[in-house]
Amino acid sequence: MTAAAPDGATSPAGPADEVAPPADPFAPQAAAPRHTYLHAINPLAKLGGVIPAMLLLVFVRDLVTPLAFLALAYALLLTGARLTRRTLTILLLAVPAGVLLVTLAFAVWVDPALVAGTPPLGRIGPWTLHAGALGVGAATGLRLGAILALGLVSGLTTTGPDLVRAGVQQLRIPYRIGYTALAAYRFVPRFGYELSVIRAAHRVRGHHGGRGPFARIARGWGSIVPLLASGIRHAERVALAMDARAFGAFPTRTERHLVPFRRRDAAFLALLLVTSAALFAATFPWGLPL
Amino acid sequence: MPEPAPLIRVRELSLTHAGASDPAPRGVSADLRPGEVVLLLGPSGSGKSTLTLALNGLIPHSVDAAVEGSVEVAGRDTSEATVAALSTTVSMVFQDPDAQLVTGTVLDEVAFAPENLRLPAPEVLARAEAALRRTGLWERRADNPDLLSGGGRQRLAIACALATASPAMVLDEPTANLDPAGADDVFDALAEIAADPGRTLVLVEHDLDRAVRIATRVLVLDRTGALAFDGTPEEILRDRAEDLIAMGVWLPRSTLVARRLRERGIAVDPLPLTPEELGAALAAHAAAGGGAPSTALSPGDGTAPPADAAPPAGVAPPADATAAPGAPEPIIRARGLWVSRGVSRRPSRRPSRSAARGGTPILRDVDLDIAAGSLTAIVGPNGAGKTTLAQALAGVVPPPRRTVTVAGLDPATASPRELTGKVGFVFQNPEHQFVAATVFDELAHGLRLRRVPDAEIRERVGEMLARFGLGHKATVHPFLLSGGEKRRLSVGTVLIARPDVVVLDEPTFGQDHARAQELLALLHDLRRGGTTVILVTHDMHLVAEHATHVVVLEEGRIRTSGPTAEILSGPQVSLPPALRAVPDHLRPLLAEERT
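Those protein sequence lines, which keep their order, are chains A and B. Here the first sequence stands for residues 1 to 290, numbered as in our numbering. Here the second sequence stands for residues 1001 to 1595, numbered as in our numbering.
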């Protein structure tokens, strides 16, 4: 983050920021090298391209469909996203580990009566792991993994501000809403910190009112009140500061960062939608027995 | 010479917040002209901040308040123009730098206002660059504002105000959240802006030392919100000093130091406003053969009573906080204390190793003894670990086991019931520690926890309510109290358990002079009653005047610790200018030893 940005250029100021804190939703993105094409695609094209498939995947019960979409998402990300260490960790470790975990969890959790007819794979004491159980688990794990991976296609390659700008510029979302949402992003770490202080304060004063879930809920409510009070005050202050800087002066505002919707964005969107449709058509996962 | 036309014209202005019964400010009139740097003073509740909100139309447009009288900005009545339109004439800088950030980079942040004004992009960039260069942030333009220091973020807020190209800038306590280095940083930027003859600055500040250097005019609101004084800093701060003190308003530190020295028999005349004036007055005094009290003092000896202000017997600080041989057993002892970020929430269920393992250490290998009956101040720059140390000693952040003893207890393993009987912690923000729905229950909480009989609870709570002047608020929700009442209640909730040690995190932060003095008097009372008091503070004047012992932290380690006089005359602490102007041998005279 040291190299100088192009002087006064209208392009987003700021070089690649690979070492930005991971939770920074504002981290600037560099003008992407050619091979990381996903970063250069309009955020709405990316989002529009994956959302239909994500929604449909919720209703899928087979193994092949989610696997196909998982492969599609990975193909896009591995060829088109900037592969930082964090990205690679998510893609190659976190997502597979999550899928595996859900698979095993559901395999254990599923009602054995439903899968009693399938061949047993293993036995621990009186409990038998049926192939069907593993199948149900894998279907669930892969389904969640595929939905997540499709989300990452957009999530890993889009910054919050760009998404807001695209929303304002193409969808004509009023900028007041978009930028307010952006300002609200900043509350999150602050709230987290504040909550930890409040909990420490309450802990040190001691609890009474007993143990058990209800007492816990009552105590949880006890931390919410101070958090809300300070949250509302903070929000009011932010709102005043924004008003004082002419926020909402006109129905539109100058946009220095244009996020155009070009022909290639339309092409990307269309390609993604057609591919999704083709995959669903090929596997047609509905109407099949579980 | 004709005066320039006023930029802001306030006429008979009374503002009543929704829900408040009385207006504050009340009937204020003033003309603010280009070239003026106006310092707006007043005790808590006098309506300073409210008045600032009216200067750019946030009242009445964004904040609900009843308005009588008028405010005109560049000839336009603020009630008829929009805030956005007024923003090109009057810009604002608020107290909390974090509550003013919207975007993701320094450059976008400065561009925010001009973009809202629909200026063409090249003009937006030109303005942003000029504002950032002026505040020394141009090199940081690509950074996330979160990466700037507190002072840097506040300079960014000033740059954002500059980018509106408004001739008037209103700043509401811009350095209140900053440490001394950050405050210097902000005032360096402001001094340059203030030098512009076409510009009007309105500044609300508690810390007058820096502000008085740039101010050309002082307005003072009294407790009722009426305009009490209006004049040059000389006229008001020097000649009206006693009136301002009586109103509860802070004075420049040099002035307060000089007043204290006068009380102790050192003739400091005239009353200085700056450290330079204080230094000169003291030099003149010494040259005139004055300084009779100083002959009774050997330099660096904090325990010798000044000849003309003998402290009562028995309150002289113990010889050494750091356990000199023969000293009484310390009430708090820490050995090899390490605390890292993200330690376990539940001290009793996790092994102590978790505190020393992983994460960034906040405290590194701290060894510390605190003498029973002392008033010990923990000082150090932002991020040194002051609050963490105080919290670890009080068991708020669980220290590793067997590293800390407080009055015979290990805070790592003691239950809250045991712990609150020995040590109480007052958080910087009183609201954080409120757990009950009424003031009475808030005070009774600690007693119910240890199953004190109801009759006794009523009696002790009643006593505490009376002591803190909260008797008429017993059934009110703690969140509905005023700022000062909340602070008193938070201290009361800790004192009701009669702990041996009370720990306070920045107890005077953001309070007016009268309230800060009130709280400090209470701490002295406690100490006289045998309670050990520990406080975290940035305020070296408070340390010089009130603490018996000082612990200086730096990067999580103890730089030095010992009796106040010894530490303040040593090389390890950097004193604020007004204290530096006082020679070592006179400094013990500043100590408050109430009779």
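Please note: incorrect hints may appear among the correct ones.
Said to hold, decoys possible - With the C-beta cut set under 8 angstroms, the calculated list includes, among others, these residues of chain A facing chain B:
#	residue
1	Leu121
2	Arg123
3	Phe250
What the hints assert, rightly or not - Here chain B is said to cover these stretches of chain A; the calculated rule only asks that three of the stretch's residues, wherever they fall, bring their Cβ under 8 angstroms from a Cβ of chain B:
#	stretch
4	93-106
5	177-190
6	196-205
7	222-229
8	238-247
Everything labelled a hint here was simulated from the structure, so no lab data went into it. A virtual CB, placed ideally from N, CA and C, is assigned to each residue, including glycine.
Original post:
So which of those numbered hints doesn't the model satisfy?
Top reply: Of the numbered hints, 1, 2, 4 do not hold.
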